[in-house]
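Using the hints, put the two standalone chains together into the complex.
The listed protein sequences correspond, in order, to chains E and W. So the first sequence is numbered by this note's numbering: it starts at 1 and just counts up by one. So the second sequence is numbered by this note's numbering: it starts at 295 and just counts up by one.
Incorrect hints may have been included.
Ranges of calculated distance between the beta carbons of each label pair, as one might list FRET restraints [said to hold, decoys possible]:
id : chain 1 : residue 1 : chain 2 : residue 2 : range
1  : E       : V124      : W       : N426      : 14 to 22 Å
2  : W       : I307      : E       : V219      : 56 to 64 Å
3  : E       : I266      : W       : G398      : 50 to 58 Å
4  : W       : V366      : E       : Y96       : 46 to 54 Å
5  : W       : L376      : E       : I266      : 37 to 45 Å
6  : W       : E593      : E       : Y96       : 19 to 27 Å
7  : W       : E529      : E       : L167      : 55 to 63 Å
8  : W       : S469      : E       : Y96       : 32 to 40 Å
9  : W       : S430      : E       : Y96       : 46 to 54 Å
Far from chain W by the CB rule (all over 12 Å, computed), these chain E residues [as the list claims (entries may be wrong)]:
id : residue
10 : D99
11 : L106
12 : E169
Just so you know, these hints were derived from the structure itself, not from any lab. Predicted model only: the values in this text are computed from it and were never measured. The C-beta atom is built at its ideal place from N, Cα and C for all residues, glycine as well.
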Amino acid sequence: MTTVFGVPLPAILGQLTLGLVNGSFYALLSLGLAVIFGLLGIVNFAHGAFYMLGAFAAYIGLQAFGINYWFALLLAPMAVALLGIGVERLCLRHLYRLDPLYGLLLTFGIALIAEGVMRDQFGVSGKSYPVPELLRGVVDLGFMVLPIYRAWVVIASLVVCAATWFLIERTRLGATLRAATENAQLVQAFGINVPIIVMGTYGAGVALAALAGVLAAPVVQVSPLMGSSLVIVVFAVVVIGGMGSIVGAIVSGLSLGLIEGFTKVIYPEASNIVVFVIMALVLVWRPAGLFGKE
Amino acid sequence: MRARIAVYVVLGIAALSAPLLGIYPVFMTQLLCFAMFACAFNLLLGYTKMLSFGHAAYFGSSAYVTGWLVAVHGWGTTAGILAGIAVAMLLGLIIGAIAVRRQGIYFAMITLALSQLVFFVCLQSDFTGGENGLQSIPRGRLLGFISLDRDAAMYYFVLAVFVAVFLFIRRIVRSPFGHVLEAIKENEARAISLGYKVDRYKLVAFVLSASIAGLAGSLKALTLSFATLSDVSQEASGEVILMTLLGGSGTFLGPVVGAGIVLTLQQYLSERVGAWVTVIIGTIFVICVMLFRRGIVGEIQARFSKGGSAP
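Bound-form chain W, shown alone (with noise of 0.2 Å):
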């Protein structure tokens, strides 16, 4: 336990003083969007096991509402997230009521299959720019009077969201609600045969995950001042689950430890190794299913606790 705080409050002092220390702000942020996208998908396969293959399409499409209000609609930048929320929030409800009627790899797929239908909608809609995307998207102002536009101002604005979202998800899976995600992953059949209504809680959770991950995309596209078809496409939907699985599904801080390993490879090696970064990342796949299941984090815990229960 003491190790547990010691290890947060070593992190949340490295996150405060990461743009004083003349770590790259925006990259920084755009690690944290990141790493709260992997947050939200942790939600679903780390605590209920429901891998969902296609998180992509809230993350994406909720960058492009985001953007296209704010960028052409002249809308501010609250309102532009919150709006982006709320598609993100509609679109998880309606594949969500579909893909909720079949478990396991079923899910998987289905969930896969209507993140392509989102994205050939992106491609094929006139507001997202199609093949082009959507560019200099300005980050305006916070509830209108505190400007974005310097880098550490929007780390510092993100970092705060990311602090929120972070505690929000603790709470969930310790409410009771969150107890009975922890019952359906363990034994489906028993839940049901508890009373519970399992589709509604499954369907309640996809929802909250995607609107986070909704969250997630909205501000990164701010960051990063543009949202393109890659935010909604296949290869974000696999580099997500690879952040969960790398750092440790079903643990806090794992797909926060695997979002900063991915996103780093990735901006260390696109220049140096071409297409060999693909190659890369489907060896760590591969690695992670057939030597450590419980990830970086899980591995650490599971030794700390000594034979005790898994956290």
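Extracted from the complex, chain E is given alone in its bound form (with noise of 0.2 Å):
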């Protein structure tokens, strides 16, 4: 068998393919948490709470009302989207003004809330999605036997995010969004509604934050705290990738899954530490991210 550092081969595929499903969670939020600090200048830490709210908003839909998973791929984002808006209207949108310190302490505290909430209800034991009948079963790779669900997780994200760096970077609306972030006020002077488009920014960002909730409810443990460990290690990713860049985001994303799954094989022990050491690394060569400009 072909092993390198000492460990089998498979066993280093397979590491890698979680560490490219977690990659792929990652991409997914620091894409939405970049959309929303580009237009807003808002780091939404309350990011993490709506990724949580998405997988719970898909288990309950499943459990109260019988919506199944393609269903709940659409709602659940809608849902938590609204719930962010909301937020948006009531709070956020009396900051803008202000040290952006302030938007950060303030969606500290929404997510608390959320958190609270949540546990309040359902306790901190995780619950378990069932995998949609269409994706489960394995297919054999030859080298490694991977199980439909996760290859449909890194696809399905992959194509979202393309989406999104699509729409913002090729489409008017995205080019309308990219104006708005260099001078809202000489937009606005155009006749477009900057309010509202800042208002649907912030909805989107959630609910990208949401899809990836639903996407992982069914290989991870749907629980109250999921979302809090996780946005730490996103917004390491964004600083890695350079906050506000589209691509340094999803790029950054992906290869930090994949490093973290090597880490696994190789040193176990530092593979929760890995994406914060390469952080400070990156700080210390170059202060604004790999993909920033500063």
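Here it is as structure tokens:
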């Protein structure tokens, strides 16, 4: 059997696939963060909470209303996005002119509220969400056995990431968004309703987080705490990629997932700190992040 | 000015007589530790506008180091505390040197991520006792002869340290060094153009704050005789932010008031409402950010100074 660093190759490939799945979640989440930061200038600490709420929306939908996975994939992000829009209208809107630190603190408070409410309702133990029938089973790739659902997660998030990139970089709506980022007043003078755009952007970013939550529901345990430590890793990913860079968010999300998976093979103890170590190294070498401009 | 002196006198008398009034001294001591922690944090947020989102890293690791040296290796209390401060200082130097390379929200995210690294190291290290933490840390004797086993003795010791730290921070803020920090807070670009090596000033402030946070952590470990993962956790970092924000960042007494309110609230609510403590803390965060960003003490001071310059 082929071995690398004394570890059998199938084990490495298995961990790398797992890493790629995690990387897909990092990419989706950091993409949402980057989109929100780009236009609103706010670091959305509640991102992990919205991811958790997305997973719970799917879980509750299935348990209470019998909504299947495919509808949940559509409905849960919409429901959570509505919640996000409420937050934007009621609170965030009033903070745009202040120091961005206040936005961070506010969304931190929102995250605590969401977590506390869900903990009170569902406790801390994880709930399992069934893998949809269509995606059950495995494919034998020869060198490893790959659960179909995991492949689906990677493909689905890659498609969503690509679509988001296309929307922002290649369409008229995206051009308006980017223009509003550069100079909101000028865009407003052209008769474009910037506050609505800002609201929609926040909703879209939140929907991306919730979508990641639905995708994650069958592979992780659905629990109120699932987002709180993930959001810190995603912050590190975003710092590494360079905040506000769409491509940076996607690329660094996926590659850090892979690196994490690889670390699990060669030095498992370091697997949950490797992202932070890389962040520290990147900051020493390139303070603006790999894709950042400064 | 006269009102301010009166406030300090009342607080001083209250602090000195608290154990005699039958208030549980361990709680009061714990409160002083967190107040010290919040004052250290305020040195960064309030006077330099650096939001460190991972201050529990210094508080908690110092608590672990002191606890480990005193409980396992039989070090003296004073030596244990000093070693804890030294570790917090070193950690602050390393993390600070990386974090001051970026400003504002980036600084916050970097300190948060690196403190999570510290958390995982504490979780996986052997000396911290992992999930169980360190238990039954003896308080020992101060300088080798004053026993701290009595709760009141521990309280007065921590009170003395707290007053010293409080005056020390006041002294720093009002020193020429403190004025440079204020200049950085108001307009960093201008401070740079005036020729100040801004990063160096920020790093010194960061290391000072981390060391004081470490001192608070050591004292907390000795007071409650345990050090656990919750001391280095993200939750503890969030709590110290809330204490400072609620009490009033950039005021001397604000963090003390905030620590008092948050700790009392937690003590009172945790048995009664369970998970709702988190909801309530989150709600206070939202209210603070939306309605009174100056905090309780800040709002009172602004009202008293009647349109004059804010303190």
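Evaluated hints:
| no. | hint | in the structure |
| --- | --- | --- |
| 1 | V124/E <-> N426/W: 14 to 22 Å | holds, 18 Å |
| 2 | I307/W <-> V219/E: 56 to 64 Å | holds, 60 Å |
| 3 | I266/E <-> G398/W: 50 to 58 Å | violated, 36 Å |
| 4 | V366/W <-> Y96/E: 46 to 54 Å | holds, 52 Å |
| 5 | L376/W <-> I266/E: 37 to 45 Å | holds, 38 Å |
| 6 | E593/W <-> Y96/E: 19 to 27 Å | holds, 23 Å |
| 7 | E529/W <-> L167/E: 55 to 63 Å | violated, 37 Å |
| 8 | S469/W <-> Y96/E: 32 to 40 Å | holds, 36 Å |
| 9 | S430/W <-> Y96/E: 46 to 54 Å | holds, 51 Å |
| 10 | D99 | violated, 8 Å |
| 11 | L106 | violated, 4 Å |
| 12 | E169 | holds, 24 Å |
Checked against the numbered hints above, the structure breaks hints 3, 7, 10 and 11 and satisfies the rest.
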